[in-house]
Amino acid sequence: MPAVGVTTRAPARLLTRRQRHRREALLAYLFLLPALVVLGAFHLFPAFYSFYMSLYKWEIIQERFVGLRNYVRLAGDPEFLRSLGLTLVYVVATVPVEMAIGLALALLLFQGLRARGFFRLLYFMPNITSLVAAGMVWGWIFNKDFGFANAALEALHLPQQRWLLEPRGVLNLLGLGPSDSAPSEALLAIILVTIWFFLGFHTVVYLSGLTAIPAEMLEAARMDGAGGWRLFRHITFPLLTPTTYFLVLVATIGAMTSFNLVYIMGGGGAGGCGGQPLGTTRIVGLFVFDRFWCQTRLGYASAAAFFLMVVVVAITALNVRFVGRRVQYVD
Amino acid sequence: MWTRPVKRGVLYALMVGAGALVAFPFYWMVSSSLKSNAEASRFPPSLFPTELLFGNYARAWEATPFLRYFINSAIMSIGTVVLELATATLAAYALARMRVPGRRWIFGIMLATLMIPPEAILIPNFIIIKTLQWYDTYWALIIPFAASVFAIFLLRQTFLNVPHELYESAVLDGCSHLRYLWQIVVPLSRSGLAVVALLTFIRTWNAFQWPLIVTGSKDMRPIQVGLLIFQSDVSTNYNLLMAGSAMAVLPLILVFFVAQRQLVQGIARTGLRG
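Chains L and X, in that order, are what the protein sequence lines are.
The numbering of the first sequence is the working numbering, which starts it at 985 and goes up by one.
The numbering of the second sequence is the working numbering, which starts it at 747 and goes up by one.
This is chain X alone, in the form it adopts within the complex (with noise of 0.2 Å):
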């Protein structure tokens, strides 16, 4: 009875079945967005709309500040994402390409870093941005997360990578070190830097508790923080909620699908959970 069709046959359905169990809930998202707001209200639930209301992004995108949200969001995140790279990339440099005497200390204050979860933390950042006068600022949602030691390690690792050869070569021709990170190791390293850049982009366009407690102006919130308050915005409004968790969720499906082959390496090498 298991032949070898019928097996292949069972693991098909099975990774369909699957595919499908995990997919239903982003289905359900966006076609109750599309029900006018009687028919989400119905109960059973109908399997599809009875009819496509667009119009319904447009009454979400006008119901609470989305622009304001996207732009603080899309600051916030590439901000961090420069800035992060920037710090990153030198530190990386140093650590695999230079002499850096206490380089054991190094390491292990970073390797100590890592082990300090960021929500345990919460409270005394906090406090720091308040005596700073960062709060409700983009200093705040940007600056924290300016270094990160998963980037610096993984770009070691890319960096190291690079033949040393040709660092020695440079330097018979004169060249500094700053002049042969930038103008040969970068550009040797583009993949393990959109690793980096896309899972930063990623963790922080999602972040909500940090950016939760640091803004208090609609203003300064990011998506996810707007998203929540939208929730009480619309109230039973399931559909204009449903349209609106769409808008949040949209922008990183899209990098998803432009990026997918760097983003599925780079969760794989660096168990970076999300």
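Next comes chain L alone, as it looks inside the complex (with noise of 0.2 Å):
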């Protein structure tokens, strides 16, 4: 027995080594269960019970099983057909663009111009605010009667446009295609407040790639002869690769899994469910909204967004299988 005035509780080697070890193992499952709970709860089950309510006629209730019919049904649906290639619309003008603009300001800030610090904070700051507020701001922006787009088009000379409110493509504003053809006007706007919002989180993580490149590197390449261009093409740009790909998949999931900014610039709200003008902005993730929320077809919206979250899971193992190492986090 431990004698009256020692303060611990049974001395280690009262207890075996295996003893030790099963007590430890049973303290770590301990630590590990409430995150383990809340994550099985509320993210590992819903995946798979997604995929459940999805075989079923389900509105209101859960009616009757039907298989895969909800997926043959979203194959020849057109208008989810339509958000499928919206969506891509939607991610190839926004990724490429934002993460050029993200690399030429960070390359920008890492020349070592003074007040740099305080410019990736103002490049960043559109990120911090929320895509709500964002997309009110920028909706009083594009504002067709009272906006200072449609102000600066008219200082230019240049037509004024109904932007939130056109449902034209902009191939055929330009004189270029059908007035079918996307991107609508409509979601052009949206394109490019989305471009303004995440340039800067493309632009803090290409500078920290940026700073991990050796300096002896870039010293030795200038030093036979390199600058600029040169420098960047052979350089610089292949070492941050790993960068790139890492904002490459981040980018685009988010993209493709978009709802927010475009719901609200989309005409959600107000008993409205997005997509407007006339379904122009409807992508994926407005497209299961729309059918979860408004028209209430849980099992037909439950398929959607069934074969969005395999596409992305797929698209995820794709990029980590073809670039090997992911990210840090796992040792």
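Hints are not guaranteed to be accurate.
Unchecked claim - Here are some chain L residues pointing at chain X (derived, C-beta under 8 Å):
| id | residue |
| --- | --- |
| 1 | Y1040 |
| 2 | G1051 |
| 3 | Y1055 |
| 4 | F1103 |
| 5 | L1137 |
| 6 | E1138 |
| 7 | L1140 |
| 8 | A1166 |
| 9 | W1180 |
| 10 | F1182 |
| 11 | P1198 |
| 12 | F1290 |
| 13 | L1292 |
| 14 | V1297 |
If you're looking for bench data, these hints aren't it; they were derived computationally from the structure.
As the structure is a prediction and not an experimental result, all values here were calculated from the model.
Glycine included, C-beta positions come from ideal geometry on N, C-alpha and C.
Reassemble the complex: the two chains are provided individually, in unrelated frames, and hints are given to aid placement.
In structure tokens:
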């Protein structure tokens, strides 16, 4: 028995090593339990449940089992296919542009100008505002009657635009395509706001990647006479490849699963379901929301949501496979 | 022609120019919020308000239950941060410093969870919330986000940087894991914990889609959903809408300026896109 006055519990050597290890393992599981319960209940389980729901005719209540019928219907649903197309347009129009501008700004900040810390924060500021507030402010800027955008156009003697109310395609307005070509002017406005919102994120990550490049390499290359563009093309950019891969993945998945901004600027709220005007901004996330929240077709919406999830998981898995090492999280 | 000072000048011009373009909407939001409705409805719009009507903010505040919305956002965000820190600290410590049989499986589950986009599991989570009768309660806003794999992994990295010799000497003094975690590891991991807290707070404060579907009454709605309702309340009074937006954004701008360094570092390390 431990003597009186000793404050510890049973001294370690009274338990065998095996017993100690088992105690520790149990304690470890206890530590892990809260996180695993929440993750299991609200992340993993719903992923499976989503598939389960998609196998049923499920409107307000669960009705009958229909197997893969919802998926077959989706494949033939012109609005769903349109939403996939619009999502593709949205991704292709935002991701490369955000990244290019982000990289350019990062390179700019990397030149060692004064007050670069301040400007780095400035470029990042849009990212910390909510997409809702951003949608409101830009909606006001793009207002067709009183907005700054149209005022700027007028000052440049260019025709006024309806912006977020304009369903006609950008190509059409430039005289280069049919009126239903994507993106509509409304979607273009949303694309521009998206780029504004996320460019700071790419700047911050690229800047971090740039500072990780060993200074000696850049020095050595400069001494060999490489300057400016050649330095960038042959040394800097290749060394940024891991950063670029990472950003492409994160930005693509983020764009594919977008909802907030597109919903707000596409006429969401006030009882509407977004996607305006005339459905030209209804990307996949909005399609799922519309079928779920506005049409209460839970089974059908779940099928679309599950499809989206599979695509995202596939892209992530492929990326890990082909790029090799994942970012530094796991040992 | 491209002498060094000229090059430098061009770079500065680009940097400042880009900054002006990015910052312009913020300026426009604030300047529009201080205009009278008549002035805001002028075309072309004035670049600077003729009169600074700070009273617009009071009017916006009264037009809609902003106080309630802010309180709800605060409860939701602070509650989530506290719970997430708690669950992630325990889990990260276990994965960093304890014997965990089957740790590869647990890592695997967590990685799998990372790949699941939240938008894709919205509908099942909604059903779960309804089943638990958590609809329109703070539980629905907080509990589903009470654990985050990003947080766990980031904290694990942080904890691994706390030298293990400290533990070995603590154990000789009869220290349990929990005490070691609480009294030694946590105080030494302040910056990692701060980054997690910060990023989580921002993400939760700006959350929109989930609160939109799980809250139904003005008593429970956080600020982002409230802002949307406010938009329909004020219809064409854009100056008030801008005032409301400015108020919704202000708390985070303050947090941003106070914690800039940790924030930028945190974003660069985790790649959380916001």
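Handout entry: List of violated hint numbers, smallest to largest
Key = Checked against the structure, the hints that fail are numbers 1, 2, 3, 5, 7, 8, 11, while the rest are satisfied.
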